[in-house]
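The number in the numbering used here is simply the position in the sequence shown, starting from 1, with 292 added.
Careful, some of the hints might be misleading.
Okay, derived cross-link-like pairs now, DMTMM-like style, lysine to aspartate or glutamate, Cα gap no bigger than 20 Å in a straight line [what the hints assert, rightly or not]:
| id | residue 1 | residue 2 |
| --- | --- | --- |
| 1 | Lys342 | Asp332 |
| 2 | Lys347 | Glu316 |
| 3 | Lys342 | Glu354 |
| 4 | Lys353 | Glu303 |
| 5 | Lys342 | Glu304 |
| 6 | Lys308 | Glu319 |
| 7 | Lys356 | Asp332 |
| 8 | Lys308 | Glu345 |
| 9 | Lys342 | Glu319 |
| 10 | Lys356 | Glu312 |
| 11 | Lys342 | Glu303 |
| 12 | Lys342 | Glu328 |
Derived Cβ-Cβ restraints for the label pairs, each shown as a range [claimed, not checked]:
| id | residue 1 | residue 2 | range |
| --- | --- | --- | --- |
| 13 | Glu354 | Ser324 | 18 to 26 Å |
| 14 | Val338 | Gly299 | 41 to 49 Å |
| 15 | Val338 | Glu304 | 16 to 24 Å |
| 16 | Trp300 | Thr361 | 12 to 20 Å |
Think of the hints as simulated: they come from the structure by calculation, not from any bench.
On a predicted model such as this, the values are computed, not experimentally measured, just so you know.
We put the beta carbon where it would ideally sit given N, CA and C, even for glycine.
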Amino acid sequence: MLFKRKGWLREEYNQKLLNELFQEKKERIYRSRLMEQSLDPTPEAVAHSKLSEIKYLYLLKEAKVRNLTIHFKK
């Protein structure tokens, strides 16, 4: 009875990981466009851009380790 919960928790955390991955992807795209459009980016903007890229790549790596697939609704 205790072992049935493991699959449910895994699915919950996988879904949470995918949500964070999509959110970071949007953030990364936003930051990269902001950097492209700015003439003289501030050091804070550069740091935020690099940080969002690192977060996105880490979440992408974690999703790959967990063998997550995205099922699109038709």
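Here is how each hint holds up against the structure:
Between Lys342 and Asp332 the CA atoms are separated by roughly 16 Å; this keeps the pair inside 20 Å, and the hint holds. In summary, the hint linking Lys347 to Glu316 is supported, as the alpha carbons are separated by about 7 Å, within the 20 Å threshold. Distance check on the hinted pair: Lys342 and Glu354 sit about 18 Å apart at the alpha-carbon level, within 20 Å; holds. Proposed proximity of Lys353 and Glu303 is supported: the alpha carbons are some 17 Å apart, at most 20 Å.
Under the criterion of a C-alpha separation no larger than 20 Å, the hint pairing Lys342 with Glu304 is inconsistent with the structure, at around 29 Å. Between Lys308 and Glu319 the CA atoms are separated by roughly 16 Å; this keeps the pair inside 20 Å, and the hint holds. For the suggested pair Lys356 and Asp332, the alpha carbons sit about 36 Å apart, so the restraint of at most 20 Å is broken. Note on Lys308 and Glu345: the hinted pairing holds, with a Cα-Cα distance of about 19 Å set against a maximum of 20 Å.
A hinted pair counts as satisfied when its Cα atoms are at most 20 Å apart, and Lys342 with Glu319 qualifies at roughly 11 Å. Using a Cα cut-off of 20 Å, the hinted pair Lys356 and Glu312 holds, with the two alpha carbons roughly 14 Å apart. Note on Lys342 and Glu303: the hinted pairing is violated, with a Cα-Cα distance of about 30 Å set against a maximum of 20 Å. About 13 Å separates the Cα atoms of Lys342 and Glu328, which keeps this hinted pair within 20 Å; it holds.
For Glu354 and Ser324, the hinted distance range of 18 to 26 Å is satisfied, since their beta carbons lie about 21 Å from each other. At about 42 Å, the beta-carbon gap between Val338 and Gly299 stays in the expected band of 41 to 49 Å. Checked against the given bound of 16 to 24 Å, the beta carbons of Val338 and Glu304, roughly 36 Å apart, lie outside it. At about 18 Å, the CB distance of Trp300 to Thr361 agrees with the hint of 12 to 20 Å.
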